[in-house]
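Top line first, the protein sequences correspond to chains A and B. Here the working numbering is used: position 140 in the first sequence is 140, and no number is missing along the way. Here the working numbering is used: position 289 in the second sequence is 289, and no number is missing along the way.
Possibly wrong hints are sitting among the right ones.
[To be verified] Pair by pair, the computed Cβ-Cβ distance ranges are: (1) B:T303 / A:S130: 44 to 50 Å; (2) A:R141 / B:T182: 58 to 64 Å; (3) B:G255 / A:T132: 57 to 63 Å; (4) B:A22 / A:G143: 40 to 46 Å; (5) B:S151 / A:G18: 41 to 47 Å; (6) B:S151 / A:H11: 35 to 41 Å.
[Unchecked claim] Here are the simulated DSSO-like cross-link-like pairs (lysine-lysine), alpha carbons at most 27 Å apart as the crow flies: (7) B:K238 / B:K312; (8) B:K205 / B:K290; (9) B:K243 / B:K232; (10) A:K48 / B:K232; (11) B:K117 / B:K132; (12) B:K290 / A:K44; (13) A:K44 / B:K102; (14) B:K289 / A:K44; (15) B:K205 / A:K48.
[As the list claims (entries may be wrong)] To spell it out: a stretch of chain A is covered by chain B in this simulated footprint if at least three of its residues, at any positions, have a beta carbon under 8 Å from a beta carbon of chain B; those stretches are: (16) 32-42; (17) 104-113.
To be clear, the hints were calculated from the coordinates, so they are not data collected in a lab. Where is the CB? At the ideal position from N, CA and C, for every residue including glycine.
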Amino acid sequence: MDPGFEAAFRHFVADRSGALFRTAYLLTGDRHAAEERVQSALVKTAAKWRSLRDPVAIEGYVRRVMYHEQVSWWRRRSRVAEVPTGWLPDQIGDGHADVVDLRMVMRAALARLTPRQRTMLVLRYFEDLSETEIARLLGVRVGSVRSQIYRSLERLKKTAPELTTVREFG
Amino acid sequence: MNIENLLRETLADMADEERPPAPGRYLQVRERRPRRRGLALVTASAVAALAVGSTVVVQGMSSRAPGDVAGQQNAVPHVAPERRPAVTVTVVEGMRLSQLFKVLSSLTGRPVAEFEKAAKDDTVLGLPPYAKGILEGFAFPGTYELSPTMSPGEILRAMVARFGQAAEDTNLVDGARRAGRTPLEILTIASIVQAEAGRPEDMPKIARVIYNRLNRKMRLEVGSTVLYGLDKYGVSAKREDLKSRSPYNTYRRFGLPPSPIGNPGDDAIRAALKPASGSWLFYVTIDPKKGITKFADSQSDFTKLVEERDKKHGTR
Numbered sequence: 001m002d003p004g005f006e007a008a009f010r011h012f013v014a015d016r017s018g019a020l021f022r023t024a025y026l027l028t029g030d031r032h033a034a035e036e037r038v039q040s041a042l043v044k045t046a047a048k049w050r051s052l053r054d055p056v057a058i059e060g061y062v063r064r065v066m067y068h069e070q071v072s073w074w075r076r077r078s079r080v081a082e083v084p085t086g087w088l089p090d091q092i093g094d095g096h097a098d099v100v101d102l103r104m105v106m107r108a109a110l111a112r113l114t115p116r117q118r119t120m121l122v123l124r125y126f127e128d129l130s131e132t133e134i135a136r137l138l139g140v141r142v143g144s145v146r147s148q149i150y151r152s153l154e155r156l157k158k159t160a161p162e163l164t165t166v167r168e169f170g
Numbered sequence: 001m002n003i004e005n006l007l008r009e010t011l012a013d014m015a016d017e018e019r020p021p022a023p024g025r026y027l028q029v030r031e032r033r034p035r036r037r038g039l040a041l042v043t044a045s046a047v048a049a050l051a052v053g054s055t056v057v058v059q060g061m062s063s064r065a066p067g068d069v070a071g072q073q074n075a076v077p078h079v080a081p082e083r084r085p086a087v088t089v090t091v092v093e094g095m096r097l098s099q100l101f102k103v104l105s106s107l108t109g110r111p112v113a114e115f116e117k118a119a120k121d122d123t124v125l126g127l128p129p130y131a132k133g134i135l136e137g138f139a140f141p142g143t144y145e146l147s148p149t150m151s152p153g154e155i156l157r158a159m160v161a162r163f164g165q166a167a168e169d170t171n172l173v174d175g176a177r178r179a180g181r182t183p184l185e186i187l188t189i190a191s192i193v194q195a196e197a198g199r200p201e202d203m204p205k206i207a208r209v210i211y212n213r214l215n216r217k218m219r220l221e222v223g224s225t226v227l228y229g230l231d232k233y234g235v236s237a238k239r240e241d242l243k244s245r246s247p248y249n250t251y252r253r254f255g256l257p258p259s260p261i262g263n264p265g266d267d268a269i270r271a272a273l274k275p276a277s278g279s280w281l282f283y284v285t286i287d288p289k290k291g292i293t294k295f296a297d298s299q300s301d302f303t304k305l306v307e308e309r310d311k312k313h314g315t316r
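Make a model of the complete structure from these sequences and hints.
This is the structure:
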């Protein structure tokens with residue numbers, strides 16, 4: 001076996017697993033699911049290691065696997081599995097909140113997006129990727145990314161009206 | 001502040017609230033006590049990366065029952081025996097038996113000694129006669145499914161059987177005869193090529209270097225054989241390692257080491273059978289991370305390559 005592989009792989013994991021975990025946590029909202037995502041993506045990457053010599057390519061690959069798994073895992077899930085969120089009221093909160101509460105409202109609203117919408121928002125607003133980059137990563141058209149993000153923001157506002165009353169706080 | 005900024009802040013908050021697990025978590029065997037004789041379920045996840053010795057082994061379980069992860073409050077959901085996926089083990093190219101036995105031990109819950117014992121039992125393994133009873137080199141790389149009822153001997157026999165297939169595919173016995181070597185020598189060369197090559201495309205050139213040095217009665221001076229003899233791992237042998245009296249110390253002894261130093265894959269076997277043509281006698285791994293290796297014909301060119309490497313990585 002390639003003698004550089006093990007050292008390089010360890011180095012990569014030591015260096016990047018924290019950042020990968022953070023993104024995975026935002027995608028899943030759950031610590032254990034996040035670890036699973038990272039683990040599974042790393043395993044797939046290890047198998048492809050030979051063709052991914054460049055560290056940037058390696059991280060890109062791991063992330064691509066992670067995003068795809070997040071999006072497609074949910075797609076595979078039956079509608080039934082989404083029921084638990086179904087008995088939440090349509091609206092979270094009563095339309096009034098101070099700025100600290102707003103973040104809690106935002107979190108609750110995020111939890112109610114579809115995984116695809118949530119993934120796109122994380123990529124756009126946490127990873128600061130452009131719509132073009134997101135489209136390339138997820139293998140969809142740019143227009144689709146744009147409209148999904150727009151719709152997600154609208155949906156956030158709809159589930160949490162407080163968010164639309166956000167004023168300028170300085 | 002608009003909704004986009006609020007979203008940014010919320011996500012940044014959330015990202016910091018869970019401390020990432022230590023990197024080692026992704027590299028270790030997550031061991032669980034076997035509920036039934038035979039198998040230890042390593043993790044409930046579909047796949048797990050295991051690090052054993054210095055080799056990362058990718059281990060997968062065929063399929064995950066849907067909903068295992070969906071029950072997010074349950075990190076490790078109970079897996080009913082009938083739904084329990086088969087455990088597979090992957091022999092990575094170049095893996096040593098000592099590493100493989102550790103992996104197998106953790107997957108099956110059997111002690112390493114049982115695998116060591118089975119490895120010596122020629123009646124079980126089905127080794128070809130030219131192996132001279134040596135298993136190292138004959139546990140062919142690949143993924144193997146382990147069933148709970150398999151004995152250590154049966155597991156190893158499956159690996160030897162796959163080697164037999166690879167030997168046919170690569171035409172090992174005839175090729176060795178044409179090269180004027182025994183099949184065991186070819187496999188020994190292939191195992192060194194496997195250990196030394198950073199990239200598959202370098203394999204035929206590295207094989208060429210080995211042949212050129214053997215033909216000129218030069219010592220091989222290959223670090224990976226020295227490390228094997230000492231049961232150590234690493235990219236290069238240390239100065240004190242080179243003093244070792246083991247038969248695998250190719251800095252002291254002439255010729256090939258007595259047996260393979262790992263289990264080569266078919267690329268390495270093909271390279272050993274069909275080396276590139278060239279007059280190289282040296283090579284230097286300039287960049288171990290990228291697997292860049294450069295070749296030299298003369299001591300002076302070799303020295304230049306060493307300087308190039310040291311300039312890149314500081315003095316070693």
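With a cut-off of 27 Å on the C-alpha distance, tell me whether K205 (chain B) and K48 (chain A) pass. holds (23 Å)
Look at the Cβ atoms of T303 (chain B) and S130 (chain A) and judge whether their distance stays inside 44 to 50 Å. holds (48 Å)
Straight-line Cα separation of K243 (chain B) and K232 (chain B) no greater than 27 Å? holds (14 Å)
Verify the CB-CB distance for G255 (chain B) and T132 (chain A) against the hinted window 57 to 63 Å. At roughly 59 Å between Cβ atoms, T132 (chain A) and G255 (chain B) fall inside 57 to 63 Å, so the hint holds.
Outcome of range test on Cβ distance (S151 (chain B), G18 (chain A); 41 to 47 Å): Holds, since S151 (chain B) and G18 (chain A) (Cβ atoms, about 42 Å apart) stay within the stated range.
With a cut-off of 27 Å on the C-alpha distance, tell me whether K48 (chain A) and K232 (chain B) pass. Since the Cα atoms of K48 (chain A) and K232 (chain B) sit roughly 26 Å apart, the hinted pair holds (cutoff 27 Å).
Holds or violated: K117 (chain B) with K132 (chain B), Cα cutoff 27 Å? holds (16 Å)
For the pair supplied as a hint, K238 (chain B) and K312 (chain B), is the alpha-carbon distance within the 27 Å limit? Within the cut-off at roughly 19 Å; holds.
Please count how many residues of the segment 104-113 of chain A have a CB within 8 Å of a CB from chain B and say whether that reaches 3. Check passed, 3 qualifying residues.
Range hint compliance [Cβ, A22 (chain B) to G143 (chain A), 40 to 46 Å]: This hint holds: roughly 42 Å between Cβ atoms.
Below or equal to 27 Å on CA atoms is what counts here, so check K290 (chain B) against K44 (chain A). holds (19 Å)
Do the beta carbons of S151 (chain B) and H11 (chain A) sit within 35 to 41 Å of each other? holds (38 Å)
Checked against the numbered hints listed earlier, the structure breaks none of them; every hint is satisfied.
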